[in-house]
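Turn these sequences into a full structure, and let the hints guide you.
Heads up: the sequence lines are chains P and G, in that order. 1588 is the number that this note's numbering gives the last residue of the first sequence; the numbers go up by one with no jumps. 303 is the number that this note's numbering gives the last residue of the second sequence; the numbers go up by one with no jumps.
Please keep in mind that the hints were generated in silico from the structure rather than gathered at the bench. Note that beta-carbon positions come from the ideal geometry of N, C-alpha and C, so glycine has one too.
A few chain G positions that, by computed beta-carbon distances, are all more than 12 Å from chain P:
| id | residue |
| --- | --- |
| 1 | 30 |
| 2 | 263 |
| 3 | 281 |
Example chain G residues on the side facing chain P (calculated, C-beta under 7 Å, incomplete):
| id | residue |
| --- | --- |
| 4 | 113 |
| 5 | 132 |
| 6 | 135 |
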Amino acid sequence: MRITAGQSGYEKGAEGRVPSAGIGTDSTGLTAAAGATLSVLTAGRWVTTLATLALSSLLVVFACLQFGAEHIGLVEAVDILSRVLRDDRAGIESVGSTAVILLQVRLPRVLLGFMVGGCLAAVGVGLQALLRNPLADPYVLGISSGAALGAAVAILLGIGTSVLAISALPLFAFVGGLLSIIVVYRIAAAYGHLPVHTLLLAGVILNAIFSALIMFTVSMVDPARSFTITAWLMGTLTAPAYPALGVLAVYFLGGSLILFWQARPLNLLTLGEDSARSLGVEVETVKKIVFFTSALLTGAVVSVSGLIGFVGMVIPHAVRMIIGADHRLLLPASALVGGMFLIAADTVARTVLAPAEIPVGVVTALAGGPFFIYLLMYRKGGQAL
Amino acid sequence: MSDRGILENGFVYQVRRLKFSYRHSAGGQVSRPDEWALKGLDLDVMSGEVVGVIGPNGSGKTSLLKLLAKLLRPQEGAIHLFGYDLGEMPQDAVARRVALVPQDSQPMFPFTIAQTVLMGRFPHYRKGGSLGGFGWESPQDIRLAAQAMAEMDVAHLAHRFIGDVSSGERQRAIIARALAQQSLVLLLDEPTAFLDLNHQLEICRILRRLNEERGLTVMLVSHDLNLASQYCDRLVLLKDGEVFRLGPPEEVIRPDVLEAVYRCEVLVDGHPVSGLPRVTLPGRTLNVER
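Below, the structure is given as structure tokens:
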């Protein structure tokens, strides 16, 4: 009969009882006080934070639309876009070449950049939680190069006619990415989590193997195609056709939603698999969902933009420092910030040496690499960052 | 699924012929008998008991605890929890009945203590049966977490990062998380390992009180034989993956039993207050000539 009291008596037991070494003796007051000040994630804070970030994203998009080989004023850009929304074709044609540049070149490229950055950051968040390492990143871990190898093989076999064709290319990239994720996870599972040195070592080795295979693939194709592959490998955003953008949007939104759906289990998985299990998480299921989705998103992103590094590591890391580790907020916030970061980086890539362009992968690596080194040197292996 | 009826029978755990090897989980085959971490273990745990699991390093204590929490799957034998086959229970159903305080948790991400304790509410959120992880903590969740924090004396640390506090404070936060889980069974792996004397005593008293006031069934693994002797109703002494002796402290904490298992000389006398057995190492002999 003690049990009956025990099961429902948790609250009863706590009331009117003095915690023997507690800071307060009035447990009701303490509960109220602690309850009021517990800085848990509330729906209100979630909405405010994400609304602010979404608004900022819109501002960054408009800011970046202005820059390029030819400057387009903000007023003019807004004017053209509003005409598109009103379906005012005659009005758009009267604007002339500026409208073509904005609508056919700059806007699709900015949208592409936003989604690629968002996907990379979301994948980074998921991988970091599963591998229990805040430095994990699809590029550093060699998952992107696995996906790139898959895509290169597809090109070699002549399945993807052009680099941007959304055909079998993402599928091959997905398979390549999934293979590398499985290898990385096997290594991590042997340790319970992925220690930084193992993470780096696994990444170096996987990257070396995949680079060799990619180079082999490149040497097998005719010069024209090999140039295409090489340029794409460097990580470049080129203006895609709108249908291709639509397909990527499906990946981006679908994949992010799936990851987001696993936000609470991901929170618990950062404690380690045993602790997560003891708190009721079906660990194997969650792992499969997150790995599969990560490989899918990486495959989709790599097949359209090649190897863009460090976005998946730097962005979640920086966002976590500011808004905390709760994945319910961290995931969507990182996706938005990742998108903003990449279009800003791409704007730099296409303006610093205008009219020449540098690959955006160069910009993100130059920004992210030093940050990574800083973390390794000053944050003691990424523990409890 | 109501556990009340089953509780009337009094059995929390019924463990039968439990065999477990880490080689199996790694995909290997067990070729030598000493590769079994547990070799056909039988154990009954009654509701409302405080059971101490003791034994030398590598005797299978932690493996047993992990098997009881369904973190590991046995190769042979069966575990029944409140009459249900543990192997067939969903993980969240286990987590609503059994909370585990692991040996050492190394936080890698900046969660606050409050967030950590609130994670104990997860299995209840999942009661709806969905796999999903989206939703907010209810006021009830927050209240229970705040109570658990007050109980474990970590309420003042609510906003500190779990990685920034001392290991003793972290351990208390993890126990608070287990309390927030509102389970009927509490499993603890070396709960006092990182604690100073004050907090060791504190935790033992809290466990005892939870047991007495709410009928919480407690199983704890400990290297501290004295603590186990003072605070446990029954002790399970493991040796090489088998139960060597099972019974009240008086029957287990005896020089002949301990010497057979630990292979060293020990002194056992009565605790000055409780009269329960107390273990002392022989120490060095001093030539006192006074």
